[in-house]
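Protein chains: 2
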Amino acid sequence: MDSSVLLTVMMGIGQIESAAAPAKESAAGLLALSIGISVLGLVCAFFLAKWVLGHSMGSEPMQKISNAIKEGAEAFLRRQNRTIILLAAAFSVVLFVGYGFIRSHREFDPVATTLELAAWITLSFVFGAACSLIAGYVGMWISIRSNIRTATAALSSVNDALRCALRGGAVSGLLVVSMSLLGVGGLFALVNALSAVAQTKIPLLIVGYGFGASFVALFAQLGGGIYTKAADVGADLVGKVEAGIPEDDPRNPAVIADLVGDNVGDCAGRGADLFESTAAENIGAMILGASLAASAQKAGMVFSVGIVGVMMFPLVARAFGIIASIVGILMVKMDKEEKMDPMQALNRGYYVAVVLAMIAFGGCTYWLLNSPQAPAAWWHFFLCGIVGVLTSVAFVFITQYYTESKYRPVKSIAEASQTGPATNIIAGIGVGLECTAIPALVMGAALLSSYYLGKSTGLPNSGLFGTAVATMGMLATAAFILAMDTFGPITDNAGGIVEMSQQPEEIRKKTDRLDAVGNTTKALTKGYAIGSAALAAFLLFQAYMDEVRQYAGKSLESAFPIDLSKPVVFVGALFGATLVFLFSALAIRAVGSAAQAIIAEVRRQYASLPREHDMIVFPKDFKPDYGACVDIVTKSALRRMVAPGLLAVMTPIAVGIIFRVFITPDDTLIAAEAVAGLLMVGTIVGIVMALFLNNSGGAWDNAKKFIEAGAYGGKYIKGPDGKKIKNPVHGAAVVGDTVGDPFKDTAGPSLHVLIKLLSTITLVLAPLFI
Amino acid sequence: MDSSVLLTVMMGIGQIESAAAPAKESAAGLLALSIGISVLGLVCAFFLAKWVLGHSMGSEPMQKISNAIKEGAEAFLRRQNRTIILLAAAFSVVLFVGYGFIRSHREFDPVATTLELAAWITLSFVFGAACSLIAGYVGMWISIRSNIRTATAALSSVNDALRCALRGGAVSGLLVVSMSLLGVGGLFALVNALSAVAQTKIPLLIVGYGFGASFVALFAQLGGGIYTKAADVGADLVGKVEAGIPEDDPRNPAVIADLVGDNVGDCAGRGADLFESTAAENIGAMILGASLAASAQKAGMVFSVGIVGVMMFPLVARAFGIIASIVGILMVKMDKEEKMDPMQALNRGYYVAVVLAMIAFGGCTYWLLNSPQAPAAWWHFFLCGIVGVLTSVAFVFITQYYTESKYRPVKSIAEASQTGPATNIIAGIGVGLECTAIPALVMGAALLSSYYLGKSTGLPNSGLFGTAVATMGMLATAAFILAMDTFGPITDNAGGIVEMSQQPEEIRKKTDRLDAVGNTTKALTKGYAIGSAALAAFLLFQAYMDEVRQYAGKSLESAFPIDLSKPVVFVGALFGATLVFLFSALAIRAVGSAAQAIIAEVRRQYASLPREHDMIVFPKDFKPDYGACVDIVTKSALRRMVAPGLLAVMTPIAVGIIFRVFITPDDTLIAAEAVAGLLMVGTIVGIVMALFLNNSGGAWDNAKKFIEAGAYGGKYIKGPDGKKIKNPVHGAAVVGDTVGDPFKDTAGPSLHVLIKLLSTITLVLAPLFI
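Here the protein sequences line up with chains R and Z, keeping their order.
Per my numbering, the first sequence starts with residue 115, numbered consecutively.
Per my numbering, the second sequence starts with residue 115, numbered consecutively.
Chain R with its partners taken away, still in its complex shape:
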């Protein structure tokens, strides 16, 4: 996407060329401002990393555990990256051969030879893939070094631990957001320097960038997601349920694999995912801004800083958002007595970031989107930004409502656990299916209100730019959100290290407090990710449709309805919906199979241990073989990520190419239209399905925690003979939690990537469909 978006960015630049010199200077100035702030973000990330790494690494037993996690995570990431690099290399060969040798040159191609086209598209794909790999790797690198330091800090104070975990997460957040701004610009400069192609055509050559990033993000999220949940499910089922030992108990052979999983799933996968999406959404707004300003100028309307100001608006607004996020992150601290809820401390920082970002946003709209001929424009767009912020706040509240134990949904799941696992599952699925409704209403309201706010600015065709500005508003504090997201696995790991190194109860309580907050932030950021994906979807559709028009030699204003009442388009849409279901099936089943392999291994290790009252009595000298579990799950996850990944990549390609048989002289774009149907309905169903999977999983998780906190008797109850026995209500809740694991941490987050991948892959391959 990132790339396609460039399309009109470039159109904007093309227009700048022909415009007066001052405009060009202000372009350079605004670009320098944005890039300067991005570099500031990187520098800030560097100092935060230095601050975190300067903390103590604690005692030797803690380090031993931390090192085991580090080794496991790095070994998995190395092997995963090898697999992904192989797949990406194979795909770049396909791309190069497809564009260079199979597809023949057409009249409206941006360059003169098929080979040059193939070379640039393939290069940008490779560059995007590489950036994505780096973003993922850096996220995990800092995360596996922050966990031990957070654990050590917890020995002295919750405040230190909180700041250590958040700042560790912020390194990854700032890096991803800043790098995504810089990456695309670099590629653009490179093509500009080495090729003779007109600037306005460059975007068509570098469309591969976004696709490369999503390609890697998809496999990283799938592989990491399968790993983390297979290990988690395996560890829970035999550890907690069968052996009756607590979470993160060192006697559980799968426990290190479980802790490794938090890093490779949540950090590495999510980092790559968000790298890709921030870049995409940035440039999506730039493309629309450039074409909006150009057609406004045609209609005699001018902007205070010219076309370029409108085009650069998203970058400038995002840059100020980085500053706001940094201030917010630095503001997070506990009260002196450390009695407040750490979530409250995080929320305070977040609200500071949001308020600052909105003030800056308002300033930017007045500065860059102000036209004397359309005096309402700037504040209409400012309202669009507010709509975006309100949408993200609404998503946060909705997610909390459906996944926190103080509200009805989680309580109803806990209540249903009294009648066993079956009613627990039925209740959880009911909650998950239900929770899609209010977010859909919010999304619909946000999309339509920002569209109509944009449309009523007095500028021509400015509705879609309104949705783009709303997306910008929502994403203004993306760096803060990402920091909160990575906060989750860091605190989870810190808790694990404290538990496994058998620290005193009071220390565990401190890390438990942070861990609970981490679970909440992880759930919230998923809601946020889905909300922004929905708002941004429209930019991405538009980019695809513009690209199809360009390659077909049609004007950007020509009609290209995606008419669902044509059978071919309807079938494309049906395949889009089915793709989401099948993809989720493969992701969930992968976790199930890999978890069974781990369960078998743990049972093997436990088989000879003595038992009493259905509970294992561990000998003092019992030493579990952690390495065997890590190894089994690594192999399993890597083998099983390939099928869903390839399915996602191949389906739109197959539809686009096979449906070319339906092309007639009256309807030359029917294959491209069917792909658009697949893309749009796939996006809708992907959003709804991801909401279902994320929130049902989160609700099951917290229903279990609610019972563990004492509801319905807690974990253990008194048996008929007065002895402590496992509470069947808790057992039922654990079943739900386990089912929810692959929902919320494998299939759900992978769907976020799938949605964006559908957009980027159709962009790259659009020329093959017409």
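Hints are computed from structural coordinates only; laboratory data are not their basis.
Backbone N, C-alpha and C fix where the C-beta goes; we use that ideal spot for every residue, glycine too.
Wrong hints could be hidden among the right ones.
In silico contact screen, one side only, chain Z against chain R (beta carbon under 8 Å); selected entries [claimed, not checked]:
id, residue
1, Leu-351
2, Ile-473
3, Gly-476
4, Gly-477
5, Pro-535
6, Ala-536
7, Ile-540
8, Leu-547
9, Glu-548
10, Ala-554
11, Phe-655
12, Asp-677
13, Thr-692
14, Ile-702
15, Val-795
16, Val-853
Position chain Z against the provided structure of chain R, taking the given hints into account.
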């Protein structure tokens, strides 16, 4: 739908009026032929009923149980019908007031006053609702009288029992299919006789008929579905799992409620559902046939029996299908030694019906669709019919693959049960999500191949008629399929009666054989219903779009793309997808809550019983209170069917009316277009979701049966002390089966109705959206 379709039927008749007299005569002749065969179907149903009712009702203990079921079912249906009649009455007031007093008269309205319009639309709604109620009631009436006779017949021979159950089902099948042909015709004749309106405009007045039928079908299916599964889940969870007693054991207080549920859910609900859909699909094809033939005639092409022949083709083909079904039903019998699989006997009858129907179908295409100017037309349409038949065969095989224990999917669920209920659930959900893919491919292939076969006939605009003919082919043997569907609950009940009246083991084995077949046929007919809904969807969309054009005063040839790239349409589509999720949530949750009420009641009745080794030891004189359970579940089901039902009805209305705010002079149909987006994407997601729910539920059910048949140790294993204990693998499989119950018998079948309701409600209310 049924009604809208009439629209062009009437256009056809209008053209007949102006055509030569011989054409009119042939219309009367063809109509007489179809009606004659329909009446033959009704007569045949009467004799089959007489045949079934002539069988012995067995011993007194059996009759006691049968009477308890009959009373429970009739009491529920009476109370349900009272609720539905109240809801329908309220809605008809809304319809009448909305059309008569709120909406103002428009230029293109079919009649001169709003009051007349309101009166006819409301009357047809009421008539449709009444027919649907009757169809449902008759289906259940014969079913609760066939069960005892099937059970008694099983005392002497499997063959007798098989034929008793199938013919009992066939009564309902023939009645529904024949009545649906006769009902619409009667209404048409009534309007024609009493009103001065032009015949071509009549369909616009009787559009309420189909909606009335779906309105009732929706609540009947929801109420029955919630009842049956709440009782089933409740009975299973406390009976099988907690108390460890077999299915249908008389000591289970919920067992009568469970047997009642099979009747009110599967017979009454399904009868109403299929009544509505066969009528809809019939007339959908007629409307397209009439407009096809009319435009062919304009282009100088004539048919051997004229326009009227093309228009009447669906009725004639369906009529011959009834005969083919009757022959097939009469052919079903076992071999002399009764060693064959009863499924084989049913299949033989089905194949006879299919082959006969196809021969007649080919004859009809040659007779009625033959044009000397387009010599390829008739055999192209014949091939479309074959495509339809092959599609239904493909659906049968796919459903078998995903839900029978000889294949991988069910085996994988059984295998996953070894590691507990959580992995069983994960595996089942994986299977359910996965099983959507191949049906989507088949549907896509069928839709596109019949569309392009139709398009290449040489006739103008005949693509959509090709899909209609494929639907006709698929539905040719609908009466047989419906008979097989009702066969399920009859054999299930017969097994229950045999079990509860404590007949000898060998008799139980006979009814178990039939019960297993009944489970398969129920699963197969669900696949068939979804396949035909998908194929028919296109007719229904077209009818809606034609109606919008008519009320907007546009020609039927004018462009009306449903453009998903417009934000308003996209949001409509998003709401369509979400509606399916929320509706499923409410249906599933209703079962969960009602089941918990039953579980609490059974636990209350069991509370004081002595236990040994975690199993209840029943005193000899234990008398469960069946009535209390029947009463609780009746109240619960009726209360909980209202919310999902109203949601389904109100959502499209709300979108259509609220989205009128987006109407602009450039885009007067935007609200109607958004509703079309909701309708189409809702249909897609509804189909895929129904496949997921039906097949995962079926697979879980059979995985449990597979284990009960001995896999992984069977129901009981030897404990450490040598005593018989419950097998935890079976326990895990029962959890999956229980979760699947509301999926496959409440939410899934209700979605079939929802899909069609969306079409009919949008048809009735289309004038309010423009």
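The hints, checked one at a time:
| no. | hint | in the structure |
| --- | --- | --- |
| 1 | Leu-351 | holds, 6 Å |
| 2 | Ile-473 | violated, 29 Å |
| 3 | Gly-476 | violated, 24 Å |
| 4 | Gly-477 | violated, 28 Å |
| 5 | Pro-535 | holds, 5 Å |
| 6 | Ala-536 | holds, 4 Å |
| 7 | Ile-540 | holds, 4 Å |
| 8 | Leu-547 | holds, 3 Å |
| 9 | Glu-548 | holds, 4 Å |
| 10 | Ala-554 | holds, 4 Å |
| 11 | Phe-655 | holds, 6 Å |
| 12 | Asp-677 | holds, 4 Å |
| 13 | Thr-692 | holds, 4 Å |
| 14 | Ile-702 | holds, 5 Å |
| 15 | Val-795 | holds, 6 Å |
| 16 | Val-853 | holds, 5 Å |
Checked against the numbered hints given earlier, this structure breaks hints 2, 3, 4; the rest are met.
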